[in-house]
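**Q** Construct the complete structure from the given sequences, taking the supplied hints into account.
Here the protein sequences line up with chains A and B, keeping their order.
The numbering of the first sequence is our numbering, which starts it at 1110 and goes up by one.
The numbering of the second sequence is our numbering, which starts it at 127 and goes up by one.
No wet-lab data here; the hints were simulated from the structure.
There could be a bad hint or two in this list.
[To be verified] Pair by pair, the computed Cβ-Cβ distance ranges are:
(1) A:Glu1170 x B:Asp136: 47 to 53 Å
(2) A:Ser1182 x B:Gly178: 44 to 50 Å
(3) A:Asp1164 x B:Val327: 38 to 44 Å
(4) A:Ser1182 x B:Ser383: 40 to 46 Å
(5) A:Asp1164 x B:Ser270: 31 to 37 Å
(6) B:Glu341 x A:Glu1170: 20 to 26 Å
In this text the structure is predicted, and so the values were computed from the model without any measurement.
For glycine and all other residues, C-beta sits at the position ideal for the given N, C-alpha and C.
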Amino acid sequence: MASRGALMLSAKDNVATVLEDIEAGTDVSARLGNEVRNVKALERIPFGFKIAIVDIAKGAEVVKYGESVGIASLDINKGEMVHIHNLEGARGRGDMAKGGSK
Amino acid sequence: MNFLGYERPDGSAGIRNYVLVIPGGLLATKICEFVEGTRTILTADSGSGRTGRDRETIARTLIGLGRNPNVASVIVHSSNPGSGYPELKPARIAEEIAKSGKMVEVIDVSKEESTFRALEKGIILAREMVLEASQLRRQPFDVSYLTVGVKCGHSDTTSGIAGNPAVGNLFDRIVGAGGTALFGENTEIIGAEQVLAKRGVNEEVSRGILEVAAETEERAKATGEDIRTINPVPSNIAGGLSSLEEKSLGAIHKAGSAPIQGILKYGERPEVKGLYFVDNWMSSSSIFTGYAAAGAQLVIFQLGGGGWTGGDLLPTSTAVVAPLMWTTANPKTLATVPTCIDFYSGTIIEGKDTIEEAGEKLLQKVLDIASGTFTKVETMKHIDPVQIYLKDPCF
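**A** Here it is as structure tokens:
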């Protein structure tokens, strides 16, 4: 059966949502309409989680739906999972408001 | 494209046919225990010790529930801690509901010998009202008579890709046919407000959306906490959502693509039909009550569920007078709680349906429920407590 791969939601996206449980080393086809980007998963990524489809530098925006969903808190390699361990939200940051950093 | 509903004196169409007893409390609860076909609100938000603005919100909610098309007639009683405030006087609430032309009766406990005499009177009255309501027959109405409210919850990444887009397509169909659709959740537009604001019918609406997001974010920042420790909630994160922005950008897909006609307060009835953003709180204990007060005959809980820990789904009845239907696009969620899910849109992810096709099927399901078919959780008799969305501190 063909792999359902992963889904990009906008051409601007640097992450894709995987549509099945992906094992490390799997070649994942990230689809955007008829366009397909191939990326090798560097780790296990569960159904519904995000895979980086390009390298994302620490401090850069993570983009999904063509919009920023937060900032990379670490350098993220193409093929790595993107979640709370390497992505920080930029909005509603009361913790930072108090510290006066932003 | 019709459903079978109950015609009301104000020209609206009910999809259910209840007698409502308000406000909550011993009297209302006991009347409803004895009499079939009744509903009441179960809440600790009586209004006592609340600001004028919040008391008005409570009054708007009670009046709105009474005016909801699913309600045939209403009993308002005075045995409630908030009844002394001008906004919450039973006579005022009854008068406002009666403007819709439906029968409203007031039970003034001070004029009865005791609460138990009042209860006897209430039971007799409710039985008469239910008997009369039962004589009404369903007749065809088109989709323009429908008002549907949605909340997405326990969202995961299937919500933004398939579950919410299917509901959004339903909303486009309802609004396109002249009906009304309500979405909201003021925290879950943070990070997506710039996308939503482009859809206001005019400058005022667009500005209003940005203001709701800004006000909510300010309140969040004032807590001194990272909002990610509050919302996205743990089940969102377990379902693959990494930030509030990501949750919000997926959440707004449930609003479809129609222009946003206006911004409503919690429980506020729209003056003209169309798509509305409601400034409300995401809690399922709160949001559905407000939608029903705004006139929604049916409410939808679009469930992600990737982080759901199992067991049957709650709530079942927080819209008080409007049935709740559950949808999901997550195949694992469907497998976990098949007894609660009314519609599955994971076919979009599986490549079996386009969003358009899933939206068309969802509309057919909605019309079926509107015509009298129960939603799955409607088969349960459990009454959930509700929490009216109040913004001020209490004293």
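**Q** Decide, hint by hint, whether the structure agrees.
**A** Against the structure, the hints come out as follows:
| no. | hint | verdict |
| --- | --- | --- |
| 1 | A:Glu1170 x B:Asp136: 47 to 53 Å | holds, 50 Å |
| 2 | A:Ser1182 x B:Gly178: 44 to 50 Å | holds, 45 Å |
| 3 | A:Asp1164 x B:Val327: 38 to 44 Å | holds, 42 Å |
| 4 | A:Ser1182 x B:Ser383: 40 to 46 Å | violated, 34 Å |
| 5 | A:Asp1164 x B:Ser270: 31 to 37 Å | violated, 52 Å |
| 6 | B:Glu341 x A:Glu1170: 20 to 26 Å | holds, 25 Å |
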